[in-house]
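Novice: Heads up: the sequence shown is residues 72 to 822, going by the working numbering.
Source of the hints: derived by calculation from the structure; they are not laboratory data. The reader is advised that the hints may include incorrect statements.
Distance ranges between label pairs, derived from CB positions [to be verified]:
(1) Glu-139 to Ile-752: 40 to 46 Å
(2) Ser-202 to Asp-587: 53 to 59 Å
(3) Ser-77 to Gln-524: 45 to 51 Å
(4) Arg-457 to Asp-287: 45 to 51 Å
(5) Tyr-781 to Arg-730: 46 to 52 Å
(6) Phe-115 to Val-526: 27 to 33 Å
(7) Ser-382 to Gln-524: 47 to 53 Å
(8) Arg-571 to Ser-505: 29 to 35 Å
(9) Leu-332 to Ser-77: 30 to 36 Å
(10) Lys-176 to Met-599: 21 to 27 Å
(11) Ser-505 to Tyr-642: 38 to 44 Å
Quick caveat, the model's predicted, so the values are computed rather than measured. In this text, a Cβ means the ideal position worked out from N, Cα and C, and glycines have one as well.
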Amino acid sequence: SLKMASDSPESLMTLCTDYCLRNLEGTLCYLLDNETLRLHPDIFLPSEICDKLVNEYVELVKTDSVFEPHESFFTLFSDPRSTRLARIHLREHIVQDQDLEAIRKQDLVELYLTNCEKLTAKSLQTLVSFSHTLISLSLFGCCNIFYEEENPGGCEDDCLVNPTRQVLVKDFTFEGFSRLRFLNLGRLIEGVNVETLLRPLASLAALDLSGIQLNDVGFLTQWKDSLVSLVLYNMDLSEEHIQVIAQLHKLRHLDISRDHLSSYYKFKLTRRVLNLFVENLVNLTSLDISGHTMLENCTIPSMEEKMGQTSIEPAKSSIAPFRGLKRPLQFLGLFETSLCRLTHIPAYKVSGDKNEEQVLNAIEAYTEHRPEITSRAINLLFDIARIERCSQLLRALQLVITALKCHKDDKNIQVTGSAALFYLTNSEYRMEQSVKLRRQVIQVVLNGMESYQEVTVQRNCCLTLCNFSIPEELEFQYRRVNELLLNILNQSRQDESIQRIAVHLCNALVCQVDNDHKEAVGKMGFVMTMLKLIQKKLADKTCDQVMEFSWSALWNITDETPDNCEMFLNYSGMKLFLECLKEFPEKQELHRNMLGLLGNVAEVKELRPQLMTSQFISVFSNLLESKADGIEVSYNACGVLSHIMFDGPEAWGICEPHREEVVKRMWAAIQSWDINSRRNINYRSFEPILRLLPQGISPVSQHWATWALYNLVSVYPDKYCPLLIKEGGIPLLKDMIKMASARQETKEMAR
72 SLKMASDSPE SLMTLCTDYC LRNLEGTLCY LLDNETLRLH PDIFLPSEIC
122 DKLVNEYVEL VKTDSVFEPH ESFFTLFSDP RSTRLARIHL REHIVQDQDL
172 EAIRKQDLVE LYLTNCEKLT AKSLQTLVSF SHTLISLSLF GCCNIFYEEE
222 NPGGCEDDCL VNPTRQVLVK DFTFEGFSRL RFLNLGRLIE GVNVETLLRP
272 LASLAALDLS GIQLNDVGFL TQWKDSLVSL VLYNMDLSEE HIQVIAQLHK
322 LRHLDISRDH LSSYYKFKLT RRVLNLFVEN LVNLTSLDIS GHTMLENCTI
372 PSMEEKMGQT SIEPAKSSIA PFRGLKRPLQ FLGLFETSLC RLTHIPAYKV
422 SGDKNEEQVL NAIEAYTEHR PEITSRAINL LFDIARIERC SQLLRALQLV
472 ITALKCHKDD KNIQVTGSAA LFYLTNSEYR MEQSVKLRRQ VIQVVLNGME
522 SYQEVTVQRN CCLTLCNFSI PEELEFQYRR VNELLLNILN QSRQDESIQR
572 IAVHLCNALV CQVDNDHKEA VGKMGFVMTM LKLIQKKLAD KTCDQVMEFS
622 WSALWNITDE TPDNCEMFLN YSGMKLFLEC LKEFPEKQEL HRNMLGLLGN
672 VAEVKELRPQ LMTSQFISVF SNLLESKADG IEVSYNACGV LSHIMFDGPE
722 AWGICEPHRE EVVKRMWAAI QSWDINSRRN INYRSFEPIL RLLPQGISPV
772 SQHWATWALY NLVSVYPDKY CPLLIKEGGI PLLKDMIKMA SARQETKEMA
822 R
């Protein structure tokens with residue numbers, strides 16, 4: 072019943088369902104008294120639509136952190152005259168007693184309740200309302216559904232002293248459930264008498280008693296003419312159990328597998344037991360004996376094996392008892408047994424740990440109800456993806472995504488699944504993945520980051536995000552991914568490697584995106600977070616990747632975004648700039664990033680007065696002579712000063728250094744640069760440079776701007792010629808050539 076991650080486009084039905092659930096008020100419902108959802112009176116929906124609404128709702132609440140659950144959602148389906156339900160799958164804490172109670176008038180045919188721990192014995196009573204129509208019922212993992220609250224003493228004051236106790240309900244049976252054929256009681260609470268509970272059922276076809284210990288299963292023979300599927304996972308078996316099973320001659324599916332790590336089992340599987348099954352259960356198409364120890368050798372000695380290609384013909388079987396099968400099994404579960412490594416296994420599908428196909432079959436078969444097994448199977452897949460190459464990439468990805476979604480709160484699955492995703496999404500597999508599938512990966516990765524502050528999960532998730540094109544592929548979750556990364560970086564105790572990856576991701580996310588994105592991220596506290604990281608590194612006197620990425624991220628986020636530039640200044644960014652310059656005089660990359668950022672600040676007219684201090688101007692002037700990173704540091708220092716000069720002599724509010732002296736040093740610096748320098752910079756717009764052209768106040772600023780344009784269009788013509796034309800640079804250059812105040816060499820360059 073598990074919804075598999077899919078790679079095909081969504082159906083119109085799914086898209087409409089999703090839209091309605093996210094906009095209930097705007098579509099199917101109105102709000103009564105501002106709190107209760109009510110269905111519009113003119114809406115009538117058949118079960119095909121209602122089932123989908125309920126099942127998708129449960130899925131959304133479980134896997135989409137942005138989706139808000141509604142208190143009164145299930146009451147929309149309380150009246151069968153306007154909404155019909157037939158087959159619904161409810162999971163975990165999403166469903167409570169009052170939700171089932173709300174839909175009790177519906178004629179349900181199929182009701183799967185999986186791990187619904189909040190359901191109590193009140194819901195057993197509600198089940199009785201569905202007894203005349205129910206064909207399929209699962210109560211798997213509903214560990215409290217046989218408990219009711221008993222109130223001792225009955226008086227008000229006493230209740231406070233003795234809180235309600237939970238008492239096991241002993242008298243409930245499936246009396247009256249005349250149509251019930253399929254029943255899953257997996258992980259039923261101890262103390263419930265299964266035999267009494269089931270006796271009234273006339274003809275059971277499928278029964279799952281996973282994780283229940285029963286010493287006597289003789290009562291199963293009452294359905295020997297109807298039972299086609301029996302699951303006794305993790306039940307400790309004995310000779311008596313085997314004799315009873317052998318009488319259930321109609322069985323097509325038998326699962327006696329176990330988790331070999333969970334506890335000690337006395338029972339060992341023998342050749343005789345397998346022979347008994349093959350002889351008596353002639354209709355068997357599916358058998359699971361995973362996790363069992365074989366007491367004696369069931370295998371054919373290798374000299375007697377038929378050589379040649381692997382065969383699924385029973386006659387050639389390497390497992391001796393299966394030579395008696397009439398035809399190959401559809402499924403054979405051999406996970407964590409020695410048998411899965413044999414050559415000839417008479418089954419179309421085998422779960423095991425020998426190769427990729429067997430491992431994927433195991434993940435597929437066990438994900439929904441056996442996370443303990445699934446996490447070990449995913450671990451094997453992780454090794455395959457890491458060491459070899461996955462040949463069934465699409466299937467592997469879909470299975471891991473499904474497991475991560477289904478077991479959002481299972482730490483083992485989150486750790487192994489997020490690690491496997493890292494290898495399954497790396498570049499060598501890129502071509503085989505659709506946008507839709509890659510988005511699903513991003514969603515489950517973000518879910519993992521949200522639910523787990525655990526180091527391994529966080530690291531795996533961050534590393535997996537690095538396999539995507541950033542920011543493009545993360546654009547659809549832009550806010551959320553930034554919030555999660557900032558959250559990681561704001562934690563007081565930090566893992567070095569996670570910090571490094573998270574800062575790298577933050578930097579990539581604010582590179583080459585629209586200004587409104589940058590403003591939004593700035594408001595989330597991005598600038599402050601980066602400055603705090605820089606402050607910490609400075610205190611440790613370390614200039615590492617985190618330090619450099621943090622300055623680079625600030626450079627990116629302040630690009631043409633005045634609000635963020637102002638934040639940088641307000642949070643003592645300039646003080647940190649000076650301290651870093653002093654502490655790390657040799658770090659070229661660092662200097663380039665810091666000056667790139669100050670170039671952005673200097674482009675904002677309202678903020679320039681804050682840069683107008685003797686200390687800052689001296690620092691910028693000295694950096695004009697810097698040879699760090701080619702011309703980049705000198706070029707950026709000159710850019711900062713060009714914007715300051717553009718405000719004219721009256722804005723020069725300091726005595727030292729003199730304005731003329733700085734102008735002279737700027738001319739000297741520009742003349743020292745090689746006009747054909749290849750560049751370590753990326754312009755999205757020339758607007759801040761172009762505004763320095765049509766003016767006579769500062770010829771040196773005009774010259775810097777012209778030099779910058781000339782260098783970029785001659786070294787990178789394909790990229791920057793169209794930009795210059797698009798932003799109206801040509802007429803500005805033509806006008807400047809006619810200006811009397813412009814220097815001759817500037818005009819030459821412009822021409």
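Novice: Are the hints correct? Go through all of them and say.
Specialist: Hints versus structure:
Our hint of 40 to 46 Å for Glu-139 and Ile-752 holds, since their Cβ atoms are close to 44 Å apart. Judged by the Cβ atoms, the range 53 to 59 Å given for Ser-202 and Asp-587 holds: they are separated by roughly 57 Å. For the hinted restraint 45 to 51 Å between Ser-77 and Gln-524, the CB-CB distance of approximately 31 Å leaves it violated. The hinted range of 45 to 51 Å is satisfied by Arg-457 and Asp-287, whose Cβ atoms lie roughly 47 Å apart.
Distance hint for Tyr-781 and Arg-730: a CB-CB separation of about 26 Å, inconsistent with the stated range 46 to 52 Å. Evaluation of the 27 to 33 Å hint for Phe-115 and Val-526 yields a failure: the beta carbon distance comes to about 52 Å. Take Ser-382 and Gln-524: their Cβ atoms lie about 51 Å apart, and the range 47 to 53 Å holds. The hinted window of 29 to 35 Å between Arg-571 and Ser-505 holds, with their beta carbons roughly 31 Å apart.
At roughly 32 Å, the beta carbons of Leu-332 and Ser-77 sit within the given window of 30 to 36 Å. Between Lys-176 and Met-599 the Cβ separation comes to about 55 Å, which falls outside the hinted range of 21 to 27 Å. For Ser-505 paired with Tyr-642, a C-beta distance near 42 Å keeps the hint of 38 to 44 Å intact.
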